[in-house]
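Chain by chain, the residues:
4 protein chains.
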Amino acid sequence: MASTFGTLFRISTWGESHGGGVGVVIDGCPPRLPLSEADIQPDLDRRRPGQSDIVTPRKEEDTCAILSGVFRGLTLGTPISIMVKNTDARPEAYSEMETHYRPSHADFTYQAKYGTRNWEGGGRSSARETIGRVAAAAVAKKLLRTLYPDLEILAWVAVVHDIEAEVDPDLVLAADIESNPVRCPDAAAADRMAERIRQVRGEGDSVGGIIEAVVRGCPVGLGEPVFDRLEADLAKGMLSLPATKGFEIGSGFSGTVLRGSEHNDAYKMEGGRVRTTSNLSGGVQGGISNGEPIVFRVAFKPTATISREQATVTVSGEDSTLAARGRHDPCVLPRAVPMVEAMAALVLCDHVLRQRGLDILPR
Amino acid sequence: MASTFGTLFRISTWGESHGGGVGVVIDGCPPRLPLSEADIQPDLDRRRPGQSDIVTPRKEEDTCAILSGVFRGLTLGTPISIMVKNTDARPEAYSEMETHYRPSHADFTYQAKYGTRNWEGGGRSSARETIGRVAAAAVAKKLLRTLYPDLEILAWVAVVHDIEAEVDPDLVLAADIESNPVRCPDAAAADRMAERIRQVRGEGDSVGGIIEAVVRGCPVGLGEPVFDRLEADLAKGMLSLPATKGFEIGSGFSGTVLRGSEHNDAYKMEGGRVRTTSNLSGGVQGGISNGEPIVFRVAFKPTATISREQATVTVSGEDSTLAARGRHDPCVLPRAVPMVEAMAALVLCDHVLRQRGLDILPR
Amino acid sequence: MASTFGTLFRISTWGESHGGGVGVVIDGCPPRLPLSEADIQPDLDRRRPGQSDIVTPRKEEDTCAILSGVFRGLTLGTPISIMVKNTDARPEAYSEMETHYRPSHADFTYQAKYGTRNWEGGGRSSARETIGRVAAAAVAKKLLRTLYPDLEILAWVAVVHDIEAEVDPDLVLAADIESNPVRCPDAAAADRMAERIRQVRGEGDSVGGIIEAVVRGCPVGLGEPVFDRLEADLAKGMLSLPATKGFEIGSGFSGTVLRGSEHNDAYKMEGGRVRTTSNLSGGVQGGISNGEPIVFRVAFKPTATISREQATVTVSGEDSTLAARGRHDPCVLPRAVPMVEAMAALVLCDHVLRQRGLDILPR
Amino acid sequence: MASTFGTLFRISTWGESHGGGVGVVIDGCPPRLPLSEADIQPDLDRRRPGQSDIVTPRKEEDTCAILSGVFRGLTLGTPISIMVKNTDARPEAYSEMETHYRPSHADFTYQAKYGTRNWEGGGRSSARETIGRVAAAAVAKKLLRTLYPDLEILAWVAVVHDIEAEVDPDLVLAADIESNPVRCPDAAAADRMAERIRQVRGEGDSVGGIIEAVVRGCPVGLGEPVFDRLEADLAKGMLSLPATKGFEIGSGFSGTVLRGSEHNDAYKMEGGRVRTTSNLSGGVQGGISNGEPIVFRVAFKPTATISREQATVTVSGEDSTLAARGRHDPCVLPRAVPMVEAMAALVLCDHVLRQRGLDILPR
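Residue numbers (the numbering used here), protein chains in the order written: chain L, 165 to 527; chain S, 165 to 527; chain Y, 165 to 527; chain P, 165 to 527.
Same shape as in the complex, but just chain L:
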């Protein structure tokens, strides 16, 4: 079940970076949702390698095929199987991974845990695995849009290395995010970020950063205390993405320096609805969405695979060094933006179905 996510809208991803392909099976998608590959492909294109000069040059079309669960343009309520073939596999570029563990990568821990591993590329630990998530999330997003036309999930690059963007989560637009290859809606910051990424790549190095996200138009009442609080499931979803090291919602870590009287979001009535005058809660209170924008941030470490020489050990237990060949992103954040959106969509969609199953008696 390690590769299964969600309770009612449940996805199971499969596939290694080098092998027959990658894919996902969605079990629990409601019937009668209009769906075709055209709903999925755009999100796959956003996470695809080779989109610009600041990401990995690996060439993959990442063309998806829906193999089941859809008939005459509508979902059947049966499992939806989506597959993307691997095409640009060059395992010979990874031959040293057979014998050497890349520092801070998953090579050593996979070998230790499983007693074997696919050392061609990252195997299962490759970001290529997220194709299945992004594909499934495209279905989740379509379902959410159908049920809640005002619901919008947006993520963007907020920080690269020490370059911070200025972005207002309440106002940021998808078009601004997509207007540059960094996926940072602050155009000036985006330029500097791109420059920094090119620079470190040139130096055989890498950088990390922070992705911020907002869910606007989320209905009140999603999230299931005590364990399946909305922020807990978001945290799990985000920390399940490769290269993530942190998650915070609303005021997050910076909110710890405020007093309760400063931090509390006062309530007011507005248009017949209960609203808050501030949003340090980040749209979630007591584990349940309160109707305000859900705002959260995810920390990504610098890419572990770098071409600089590093100290490491061999599979046979000898100290050695390694300078990675192969193709890799000097900064994962631009391509991680659709992954963050995907995990948010999967969490929300699952909780929409769960709340629907729970809220069955008249009020």
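Derived from the structure by calculation, the hints contain no laboratory data.
Just to be clear, a hint being listed does not mean it is correct.
When chains are identical, the list treats them as one kind, so a pair holds in a single copy or across two.
[As the list claims (entries may be wrong)] List of simulated lysine-lysine pairs, DSS-like, C-alpha gap at most 30 Å: (1) 223 with 249; (2) 432 with 306; (3) 432 with 249; (4) 249 with 306; (5) 306 with 223; (6) 223 with 432.
Model the placement of chains S, Y and P on the given structure of chain L, informed by the hints.
Leaving out everything else, chains S, Y and P in the frame of chain L:
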């Protein structure tokens, strides 16, 4: 399943802050573990209210009883039911909660989600719910100790408001943590923290902070990519605790300003084992423990319930104000330390059993 | 998870026949359902020992207490914890079970699996465990009644030993079932069954039989192929009851001697609904309820615990003999009737919530 | 999750009878198991249509491809995705299914539940779905064989219509089962069965029957009371197969006419092990395997799809008639034999891993 946590070592907590009691059922604890209430009570005592002048004065003995699953001092392999009665319930102190939503508390969202709520105290959203987690985790810790005598889980208060402690996760001792009511092993910082807590309480206000934790002696190979990565399950566990707003592991958010060449933990052979020369990964790589100390931090917001008057709305939809009565912690962190340890123990214990089930073929 | 049943309406039972008590936690009951102990106690009274001279004389009041999840008479949407204390425990009556395995009972297999066991009474394998199921099912039945006032779940004793009752599943009434201690609505057969039970008890022996059940008024569309077909979940629920050896739905085993042209249930329109002219399917087609009465049968073996001397072995591995003391039912069927109804209610309630979560888009 | 089966060895099947293909994802297969398509194809060939003149003439190669989870001939511990393409789809043969519900088939209930359906062939309700199960079970069987070389799972056709075979579950051999297209090891009965099947096919009709199965060499201690008893999970697995109407284990329904003194399996010591002198329990006591052969029987109804004209209704709600075209089996049992074996293997494999996870402390 919202109140169920874990896959093989699975706990289900129940209970409201005011009602018959609170408790937990553990389904999946291995048989033949020596167990009695004496193994559980000390951890409950650590999270109990009324321990010192910096926590809530609510008086609860929180005495646990094991109702099933243990026979002649050994676990049976059947569900272990543990119960703690509520004794010091004074629901009249909460009467205004019936009509007013406390800002940034769960009152409004519970009402919106469920269409009803137990407004006496925090109901299910009360920290009192964590008794079940702490009790179950005491069992998990005993099992972990039995299997891995060197495994040690320690949490402590690292920051209160703007006061930061200096603590070395590799060296911190349980005795130092427990040496003061703040549960901060830096005695000088602990004094200032206690002073600050008393001060804000006097002002009818509250403060938050950061709890840091370390797992030392963790075996290599725990955590199940891609979704049940160890850090993902830890993040979920921590964000499921009341008042949490953030989680980070290893370098966390601060690691985003490093380059890959600075951030990567180089491998070396040491004593026949693969070790790392630094630990910015925080003991987890690719979602799997690497044998180094697991280090993580959890952000807690300032307590939402404060006695200062705040703007809010009534259940019937009118703007109003509220100054909370009732008993509450001016700072949740000292009592949250055993909760953080508990969630870590539950995650680790579950993954130990899972890895045992998976690692079945000869190497 | 071995003691957890259900996906959305999920129950976790706990408790041994001798120990602090037995109980259940229901996680996932929708909020706003009127509920009190008075909704649960009648079903517990039906399964209680000591009701008549044909069941075990063990004296237990089996008085239930709701410990959480209900406030001011309404469910909260939080876990409902229900407990029944053990009172009439006489473990000394079971002392020989410490050393001898009862043939065809769970003593040996529990010892082999867990390496330990509670040998006082049946421990966890005792029918006393079903108290938690029956209590949870009383909640499920109340929810079902609220949502589907015409839905009715009835089980009765159809066969004891070689005595068969004549009962029409379409017409049988609850009052007729409860009109005699055997719970067989065919009064003449009931008399003979009671006589047979008394006879075998007098001979230190036991008998089994068949319980039949019907669900009338079930909505169309419950059951989730391919694995969670309604009949599959019913089969699992029934075979999870102690002493069961078989399950069949509709025509069951006897339907295997028919041809397709004889067995198929022809469709017809009736009152604007699709109906069938016969019901050999037993109300389920393709794993999904079709709106016709769901009819199924469950085989119960003769009680394993008998007072006649039998060949067995000791815990230390020596051939020996055993004549059971202690109190036991010479025929479990009368008390198993509410258990069968309980498992049916739990399965149906779970599938109602699941279908509600799935059927979210406009038709 | 409706298409997911198992807890630790968890499979998710996908696919319709007409569409891109069918397949399965196995999540939880232990690493380091030697595996290739050659381990899977033979079982697929056994369930394939077109094997003989007594099954459906649909021509499918059913060639499987492993798309992930295996590297250099060994399982990786990551999800194993297996796919079989649909090739001989002739949806035009099913055009009347668009407008007419086949009696006792899943057409009506799928339409009622999902509000849509794939009416080409049986869609998801087709026996073609079981390809995924059989493929996954081939992996489970290989794992079981590796761990327990003496463990053997055999199923055979015991009854067709009113023709009963004579077979001794303790002695039956795989070769005898496979020696004729009926898969009945009693050659004389097999001849009569084949004759009967040809006869009813000639009359545009169909027949059902009973499949019996045995698991020999099963280790003691599998099965997890109270809900996940071995027989409960077997019952669910079997009743999740298309066309099944009943399940019984050991003495089953016929055991209800015995007294306890006749039914109990006395224990004896034999070769240092606890054995039983009879096996009316069918290898399971208290929900846990006792080391004796596990013997169970599954009732299959006559195939619903027949070419004789039957009364039915149309999708638009009018009384009508239907004589099915398309290709179908006049008797599903010969091809259901590998399906029964498959579900047994999946249940056992899951419980082996579960017991391994539970049995962690020294005895």
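Now the hints, each set against the structure:
| no. | hint | verdict |
| --- | --- | --- |
| 1 | 223 with 249 | both (12 Å within a copy, 27 Å between copies) |
| 2 | 432 with 306 | neither (32 Å within a copy, 38 Å between copies) |
| 3 | 432 with 249 | neither (52 Å within a copy, 37 Å between copies) |
| 4 | 249 with 306 | both (23 Å within a copy, 27 Å between copies) |
| 5 | 306 with 223 | within (28 Å within a copy, 37 Å between copies) |
| 6 | 223 with 432 | neither (52 Å within a copy, 34 Å between copies) |
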